[in-house]
Structures are given as structure tokens and as C-alpha cells.
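Q: In case you want the letters, here they are:
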Amino acid sequence: KAGVTQTPRYLIKTRGQQVTLSCSPISGHRSVSWYQQTPGQGLQFLFEYFSETQRNKGNFPGRFSGRQFSNSRSEMNVSTLELGDSALYLCASSAQGQGASNTQYFGPGTRLTVL
Amino acid sequence: GQSLEQPSEVTAVEGAIVQINCTYQTSGFYGLSWYQQHDGGAPTFLSYNALDGLEETGRFSSFLSRSDSYGYLLLQELQMKDSASYFCATGAGSYQLTFGKGTKLSVIP
Numbered sequence: 001k002a003g004v005t006q007t008p009r010y011l012i013k014t015r016g017q018q019v020t021l022s023c024s025p026i027s028g029h030r031s032v033s034w035y036q037q038t039p040g041q042g043l044q045f046l047f048e049y050f051s052e053t054q055r056n057k058g059n060f061p062g063r064f065s066g067r068q069f070s071n072s073r074s075e076m077n078v079s080t081l082e083l084g085d086s087a088l089y090l091c092a093s094s095a096q097g098q099g100a101s102n103t104q105y106f107g108p109g110t111r112l113t114v115l
Numbered sequence: 001g002q003s004l005e006q007p008s009e010v011t012a013v014e015g016a017i018v019q020i021n022c023t024y025q026t027s028g029f030y031g032l033s034w035y036q037q038h039d040g041g042a043p044t045f046l047s048y049n050a051l052d053g054l055e056e057t058g059r060f061s062s063f064l065s066r067s068d069s070y071g072y073l074l075l076q077e078l079q080m081k082d083s084a085s086y087f088c089a090t091g092a093g094s095y096q097l098t099f100g101k102g103t104k105l106s107v108i109p
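Here the protein sequences line up with chains A and B, keeping their order.
Reminder that position 46 of the first sequence reads as 46 in my numbering, one-by-one numbering, no gaps.
Reminder that position 17 of the second sequence reads as 17 in my numbering, one-by-one numbering, no gaps.
In short, the hints are calculated from the structure, not lab data.
Backbone N, C-alpha and C fix where the C-beta goes; we use that ideal spot for every residue, glycine too.
Errors might be hidden in some of the hints.
[To be verified] Some chain A residues judged to face chain B by a derived CB distance under 10 Å, without partners named:
| # | residue |
| --- | --- |
| 1 | 26 |
| 2 | 27 |
| 3 | 28 |
| 4 | 31 |
| 5 | 43 |
| 6 | 95 |
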């Protein structure tokens, strides 16, 4: 099976712009989670989608949003970018997405730099 | 809420054994997972403990004590390629994983 893919791999934006990141999960996986990874804060949960429904959302401002399509592909959007949004954004897919028992398979991430 | 504490850095010698500890506080508990991440790479799953005790997978073992809210990852016969960051994580049935901030392991010759 092909792994989780994320596009683009690298992105440079300026403050105030908006950005859309894309994630294609492993075939057959219906759960997609998004994480922000920074050196100071580690991996922080953004949101999780299952069958096009957002089941949980982390503690991030409303500028961060996402969606999932019927083919389980997911996008996340960040509007009005701030310097602090510079991070590695990781997408992970799993079969069910519930709890620590469900292995998360991570994509390579999108490195976003905000200037 | 949930929080997991683990040491920020550990250094060990090639061929030796190293233990990475993780203590957690959760409002509910659904097991402890461990992930490995090399610099520039994606996190990859290593192991999962749902119940107390030791789980062994090759050179890696993971231990859980639910009464102590504590777990550890044990790496034996360390190799240079084991140099990476290691994260413990737990989920509370709320469709998310909460990760510790990671332990950077440096293996030296």
C-alpha cells in the first residue's frame, strides 16, 4: 500500500496570506488527523476527521480549519497567517482513529515558513 | 485534560541499553504508544501498551504501569541509527492522540 502523502512538501508565505495543505491517507483508512510540530511545543493535535465529519478539534484558533472529502482525502487551511504559524504540519491516517490503540501512520509533512 | 512528561534529551553509547521514561496525567486512559522520529522524517509507530507489563518487539521493549501512571521505552543493543526523537502518546477515546514533547536520543560511538 502507498503511504500517506502530503502536498506541498515546502511552502513559504508572508504574514496575512492564507494557505491550504493537502493530505491523502493510506487506502482504506477513513480517519485523518492533523498535527502541528514546532521545536518548542512538540506535536500538537489540530483536528481529526472520519468519514467527512470532524470528530475532535484541538486548542487552536479559528484561523485553522479543515475538511475531509468522500474519498478520505483531507485539506487544512490556515487563514491570516502569523509568524508563529511557521511549523511542520503533519497528517496521519488510521483505520478508526480512536485512542492510542489505533496506530497512526504519518505523512512526511509540509514545512510552512511564514515571513 | 492530558499531559505527558518525558526527558528532553538522553545520550547513550552504541551497544548499550537506554530507557526513556514517560509519566502521564489523563482524565481517562486508553493505553500508551511510542513513536520514533528521525530528523527531517515523519513519526513512525513503535509499540503500544494497553495493559500493565512489558511488550517486546525485537530490540525495543515498552513497559506500562497504570497504577503509577508511568511507562518506559527500552532500547537494547543501541545502534547509531537509533539516534532520533522518541515520543510517548496516549488517547482518551476522544479521537485524538496527545503526545509528550519528545526525548532526543543521541547514540555516541
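Q: Next, verify each hint and record whether it holds.
A: Against the structure, the hints come out as follows:
no., hint, result
1, 26, "violated (13 Å)"
2, 27, "violated (18 Å)"
3, 28, "violated (17 Å)"
4, 31, "holds (7 Å)"
5, 43, "holds (4 Å)"
6, 95, "violated (13 Å)"
Going down the numbered hints, you'll see the structure goes against 1, 2, 3, 6, while the others check out.
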